[in-house]
Amino acid sequence: MSRTLKHRWSLSNNGLTGIPADRWWKLLKENQFAVDPVYVHRVALITTLSVINWAYRKREERVYGAALEKTNVTEAPVFVLGHYRSGTTHLHNLLAADPQLAYPNTYQVAHPYSFLYSEAIHAKILAPLLSKKRPMDNMALSLQTPQEEEYALSMASFCSPFLTYSFPRRYDWYMRYLTFNDASAEEIKRWQAALIWFAKKLTLKYKRRLVLKSPAHTARIKLILEVFPDARFVHIYRDPFTVYQSMRHLYGIIPWYMYLQRPDIGYTDERIIEQYTAMHDNYFRDKDAIPSGHLCEVRFEDLERDPVKEMALIYEKLNLSGFEAFEPKLQRYLDFIASYKRNAFPDIPVPLRKRLAQEWQRSFEVWEYPEK
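Quick note: the sequence shown, position 134, residue 134 per our numbering, numbers continuous.
Keep in mind that a hint or two might mislead.
As the list claims (entries may be wrong) - List of simulated lysine to aspartate or glutamate pairs, DMTMM-like, C-alpha gap at most 20 Å: (1) Lys341 / Asp288; (2) Lys70 / Glu60; (3) Lys207 / Glu60; (4) Lys58 / Glu119; (5) Lys222 / Glu119; (6) Lys26 / Glu186; (7) Lys6 / Glu304; (8) Lys189 / Glu30; (9) Lys222 / Glu75; (10) Lys354 / Asp239.
Rather than coming from a laboratory, the hints here were simulated on the basis of the structure.
Based on the sequences and whatever the hints tell you, model everything.
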């Protein structure tokens, strides 16, 4: 059990501050109201905001309900896949720079039930609760930056590994939703309905093709194809050793802003290894189900070395139009982030390095990364 409670008093960067009161009550009930006293101030904040979120939700339903009911996702989304810390955010940001595509921003994924109505009113009030940069890697962060929809899906379905950050004592229960291999038919249906619902809301707002991103989707290809059979997928992969180092760094920072229960951090390495293995077992098993021409795989190191070339290849392989018009905007974005410096990590101990090479052997071999 952790003796040091990092960021104990922090109220920022919590992914549940946009949940409406009825959903918040149901989530607490599902977890038997098991909140540790050291985090009661977080519960108080989420509870207070949940009442406001509920009121916004009811107002949005009255204003936009009929239009949302008639909305269809006419162009299948582009899904960014890849393990956590493999460069999915960077790739998502690059695609989001294309004005012919639309993406969910931080406010929208945090307030999935009300953003159509509340964003213009509420975003400015909540801005101080968000860091200006992501705590784990110093990438720019605001309520307008592209964000992964896992936040929204966790609140809409309660079927998400994201909830392990809030309720770590139910780690095994919520981690099932990384792959859904052990989920019931009802849980799968609930998650798919949440994905369609959120995509419809974004389509109503933007009326453009969506580019969506959640690392967990890497293990959910078949579930996505069942509801979006024409979806496009871009999978980014990275040196597994670097992924491990970055994941270890992430686990030492991000969950501490979200915990509502004291975590047991003694299993961190085991969980990183298990998650990586489970995700890629599903990915390698299911990627051939993607129709020809609908999947592009990109190496992170190649994207970093020559992003314009790699982005052009992505557009070509997925038959996405408009790259020539997009290229100047892409270059401006690349110029803007040119000074960004990646984190530096300590070396991995030799015994652990050998274990990772053994446990993740397929990834090393398929993607041709050295195992030593």
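Evaluated hints:
In summary, the hint linking Lys341 to Asp288 is not supported, as the alpha carbons are separated by about 36 Å, beyond the 20 Å threshold. Annotation: proposed proximity of Lys70 to Glu60 holds, straight-line Cα distance about 15 Å (limit 20 Å). The hinted pair formed by Lys207 and Glu60 meets the criterion: a straight-line CA distance of about 18 Å does not exceed 20 Å. With a C-alpha separation of about 14 Å, the suggested pair Lys58 and Glu119 falls inside the 20 Å cut-off, and the hint holds.
With a C-alpha separation of about 33 Å, the suggested pairing of Lys222 with Glu119 is violated against the 20 Å cut-off. For the hint pairing Lys26 with Glu186, the CA-to-CA distance comes to about 17 Å; that is within 20 Å, so the pair holds. For the hint linking Lys6 to Glu304, the alpha-carbon distance of about 32 Å lies beyond 20 Å, and the restraint is violated. For the hint linking Lys189 to Glu30, the alpha-carbon distance of about 19 Å falls within 20 Å, and the restraint holds.
Distance restraint check for Lys222 and Glu75: the Cα-Cα separation of roughly 18 Å lies within the 20 Å cut-off, and the hinted pair is therefore satisfied. Of the supplied pair hints, the one linking Lys354 and Asp239 holds, its CA atoms being roughly 14 Å apart against a limit of 20 Å.
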